[in-house]
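Heads up: the sequence lines are chains A and B, in that order. Each residue of the first sequence is one higher than the last, beginning at 0 in numbering that gives the first Met the number 0. Each residue of the second sequence is one higher than the last, beginning at 0 in numbering that gives the first Met the number 0.
Hints in this document: simulated from the structure, not taken from any laboratory. Be careful, since some hints might not be right.
[What the hints assert, rightly or not] Away from chain A, derived, C-beta distances all over 10 Å, residues of chain B:
#1 R161
#2 L200
#3 E425
#4 E434
[As the list claims (entries may be wrong)] To give a feel for the contact side, a few chain A residues facing chain B, derived at Cβ under 10 Å:
#5 V41
#6 Q79
#7 R104
Just so we're clear, the structure is a prediction, and the values are computed from it rather than from any experiment. Where is the CB? At the ideal position from N, CA and C, for every residue including glycine.
Single-letter residue listing:
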Amino acid sequence: MRRLTLLMVIALGLLCVLPAQAQKAAERYIPIGRSPGLSGKVTYLGKIGTLNKKEKSIGGKGWSATITERTHIWVDRSKQRKSAAIGGLTDLKEGRVVEVKYEGREAGKKDGPAEWIKVEVAEPSEK
Amino acid sequence: MYPSRPARLLLLGSILPLGSFLSITCASEPHKPPEPGLSLVERGRQIFFNEKFAGNGRTCGTCHREEDNFTITPEFIATLPPDDALFVAEFVPALKKNFERPALMRKFGLILENLDGFDDLEKRFVMRGVPHVLGMRTSIDSPGGPRTGWSGDGSPGDGSLRSFAVGAVIQHFTKTLDRVPDVDFRLPTDAELDALEAFMLSLGRQKELVLPLPLRGIVPKRGQEIFRDNALGKCNRCHVNAGANANFGGGDLGNANFNTGVEDLVDQPADLAGAVNPPDDGLGTPGDGTFNTPSLVEAADTGPFFHNNSIETIEGVVAFYNGAAFNNSPAGKALAANDPNGVGIRLEATQVVAVAAFLRVINALENIRDSVAKIESGLRGKEGQGRLLATRALKETRDAIDVLTGGGLHPEAVGYLRKAAELIDEACSGRRRDENSKKAIKILAKARADLVEEK
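My request is simple: use the sequences and hints to build the entire structure.
Written as C-alpha cells, this is what we have:
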C-alpha cells in the first residue's frame, strides 16, 4: 500500500512541481529593463559586444548567452512607439542593447542558454 | 496533450492604422497617483477598481467585480450597460477584431486570452472564465513558484502575483492590438504593483480551514466524510482542507497543476454555441494540458466552474469527477492506479449531492465569517466607511442565503440569514446603524450555529 501511495505521489507529483512558467506571451511587450521581478534582479542588461552566428551565441565583457531552439527573441521598439516584434538571430547585432533572461531562476547569472532575449532597436531606420 | 496550434505571422500593422493613430493621440492621459496617506491595501483597492493605466477604459474591477464575488457571470454581464468597458470590443473600432469574442463573453462569461502568443490572433487564443481573487494568501504558492491564473502561469516577469497586473494590462487594457507601452497603455509602477498585491492578498480567507468541521446537517456531514475519504471521494488529496493545495501522503505539494480532462468534456456550452473556440492546452507554451487547482471553500458562490466555465452548478462539478473525461485523464488514471479496484472516482448520485452540500455549507460559513468581519470593521470605522462595509456584508449574507437555498439546505439558518440581511440593509441605510449592526452579528452567529457546532 505504501508503495502504491509512493507511486501515486511520483505520478501526480511530476505533474505539479514543474517550475511555473511565467506568461511569456505578454513578456514580449514589456520594454527592456522593465520586466517585473526580473529586470535588475535576475536578467542581464548590456550591449552585444560579440556575435557568433555559427555557435548561436552573443556576449560581451564578462557575459555570454547561447540561443537555443527554446529561446524567444523579441525586438523592443517601444522607444519608436511601435509594437514589439518577434525577432531572430539576424536582429542580434553588435552594439545593440539586449536584456537576457537565462534559463532557470538563478540571480546574477551571466552565461548559459537564454530563455528570452529582448533586443532594442532604437533608431527609426533600423527596423 | 492537445494538438499544437499552427504558428502564423502577425500582420497587425496593416489592419490597425486607425487604432494606432487614435492611441497616439490619447497617450498623454495623465496618471493620477492614489491618495497619499492610505494604507497599502486601500491604495491597492483604489488602483484595482479605478486605475485604467491609460488604456481602453478597463480596470481590474471590470472583470473581477466585487458585486459578483470578484469574478463575473453571464447573469451579471446581462445587467451592464452597453458602454461598460467590459464591452470595448463592441464599440472601439481598433478592438473589434480578435480582442474578445463578444458572443462568448455575453453568453458564457468567457474572456479571450492569447496565452500561447500574439502571433496569430485569429486562431491562437483561448476563452477562459474569470477566476475570483479570494483567499489567495492560501492558494498560489507551490514548490515550483507561484501559480496564478487558470493554468498557473498567468503572470509575466517573475511569475508572481505582484507581477500579474502587468500581463493583465497588456492583454486586457490595451487601446489597440499593437500593445505598445506608453502608447496603448502604461505599465503599472512598482508602487502600484505592491499595492495591488497587498489588496489581492487581503481579500477573503487569510488561513486554511481545518477539516473535519463539526457540521450539524446530516447530508453535508456525510459529504464531508466522502470528501475526506481517500478511498471514495478522494477530493482531499488535491484540495486539502477544501483549499487549493495537494498532499498525497508525502507532504504538502502546495498549489498544484493537474490534467483532469476538463478540456475533453463533451457538449461544452461554448462549443455548442458554434463559436470558434480553440482547445486550451493549459500550462506553458505549448501547453502540457494541466490547469491550476482552485480553492473549494469559495466555490459554491463563484461559478460557473472550471477554466472554461463549462459547468454551471456545484453539483455538476462534483458529478464531473464521476465521468469519463476525468476518469480517462492523467489525474483520474493516477487515482485509479492507486485504488485496489482500479477505480478513479465513482460516486452515487446521493453522494455527489452530499459532497456538493458540504461545499455549499463551507461556502456559507465563509460568507458568514466575512459578513461579521466586515460589520465589525465598519463599527470601528467612520460612518461612511461603516456603510460601505455594511453593503459588502449584505452581499456576503445574501450569497450565503443563495448558496444554502440552492441546495435546499438548512432552512432555519436561511431564516436567520434573511433576518440578518434585513438588519444589515437597515444599517446600510443609516438607520440605527450601530444597533442594527450589532443585532445582525448576533443573528449571523445563530445562523452559523445551525450549520456547525461551536467548539
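Against the structure, the hints come out as follows:
1. The Cβ of R161 of chain B sits about 7 Å from the closest Cβ of chain A, inside the 10 Å cut-off, so the non-interface label is violated.
2. For L200 of chain B, the shortest C-beta to C-beta distance to chain A comes to about 16 Å, beyond the 10 Å cut-off, and the non-interface label holds.
3. Interface exclusion of E425 of chain B from chain A stands, the closest Cβ pair being 45 Å apart, more than 10 Å.
4. Chain A leaves E434 of chain B outside its interface by the beta-carbon criterion, the shortest separation being 47 Å against a cut-off of 10 Å.
5. At a threshold of 10 Å, the smallest CB-CB gap from V41 of chain A to chain B is about 7 Å, leaving the interface hint in force.
6. Because the smallest distance between the Cβ of Q79 of chain A and any Cβ of chain B comes to about 9 Å, under 10 Å, the interface hint for this residue holds.
7. At a threshold of 10 Å, the smallest CB-CB gap from R104 of chain A to chain B is about 8 Å, leaving the interface hint in force.
Violated hints amount to a single one, hint 1; each of the other numbered hints is respected by the structure.
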